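From first to last, the protein sequence lines are chains A and B.
When we follow the numbering used here, the leftmost residue of the first sequence carries the number 1, and every step to the right adds one.
When we follow the numbering used here, the leftmost residue of the second sequence carries the number 99, and every step to the right adds one.
Some hints could be false.
Simulated crosslink set (DMTMM-like; lysine to aspartate or glutamate; CA at most 20 Å straight-line) [stated by the list, open to error]:
# : chain 1 : residue 1 : chain 2 : residue 2
1 : A       : K63       : B       : D115
2 : A       : K12       : B       : E310
3 : A       : K63       : B       : D130
Since the hints were made in silico from the structure, they are not lab data.
Predicted model only: the values in this text are computed from it and were never measured.
Listed here are the chains, written in short residue letters.
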Amino acid sequence: MSAGGDHIVSPKIYVTIWLILLAFTGITVWAAFQSFGIFNPIIALAIACTKATLVILFFMHVKYSPRMIALVIGCGLFFLSILMVLTCADYISRAWVS
Amino acid sequence: MSDSQTTTLQAAHQHHDPSLLVQFDTAFQQKDASQFGMWVFLITEIMFFGGLFGAYLIYRNLYNPAWVAASSSIDISLGAINTAVLICSSLTMAMGVHSAALGARKLLVFWLVATLALGSVFLGIKAVEYHQKYVEHHIPGANFDFNYDRVEKGEKPIPADVATQTSIFFALYFAMTGMHALHMIIGVGILIFLIYRAYNGAYPPHHYTMVENFGLYWHFVDIIWIFLFPLLYLVSRSPVH
């Protein structure tokens, strides 16, 4: 766990992250109206993941928190990936056998 | 543990600050444990929403044309404005936690009130969107009819089978945005409580874990929306599918 003490994050960092998040929101709306074919949903999800990572690291202080917190989040995402990957492995492969 | 350490701990507990619970050695340990618990709760929330996202993924693959038609009928500008409103409320919440850490009571109250105001704006816009869907007969149930007013609006009606499948999209749309809105409503309730307590000086510096943990919850709800927005509003807006 941490050695203790509150890490005070500068408001400048918060404002920078906020501006980046707003810019990404604009970019994702713009990208949705373009024809990138199969890449449309990939771009949309990549932007959403980037935004979520920024919120987790800076607004939620994970960058400055004990490593244990990052481990908990990693475990959660791992279980989420089991849910998604195994479900898709079932549903997508059903079409191959029929 | 050596005897001298035990004695030190006992001495610490004899003169300890009443906010330090007996099972913790230090205030920092107490705070770390509390934050850890909050994160474990948020992980259960990720799994809860994960089930909805999983259902979404399966049906999007099965009924893609219905997804494209239904998603395009949702008001993209209201959704984008709401995304921006939530991102702003995350900033005001982060600033609130920052003010609490500095012990600035009035600023903390100000930022919490700002977060409350932005959260309420989000819910208000969401209500307008739900009302639009009600008027258009896009709420799954007995009166559901995707093509209800499409001709009047100059849009081509879609084939009947695809129109039926859009009700699955809307069922997920209302389940996902509805659960998200419920989290927002709970958040707004807790915020009112926090504002009242913060105004009365209940969160001095080094003792504002409640504000910090609520901040984690609020940012988490923001993250859910960050995923809901592209998945529900932006399925396929490009002219060529």
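Quick rundown of the hints versus the structure:
1. At most 20 Å may separate the alpha-carbon atoms for a hinted pair to count; K63/A and D115/B exceed this at roughly 29 Å.
2. For the proposed pair K12/A and E310/B, the alpha carbon gap of about 19 Å is at most 20 Å, so the pair holds.
3. At most 20 Å may separate the alpha-carbon atoms for a hinted pair to count; K63/A and D130/B meet this at roughly 15 Å.
Violation of the numbered hints given earlier is confined to hint 1; every other hint is satisfied by the structure.
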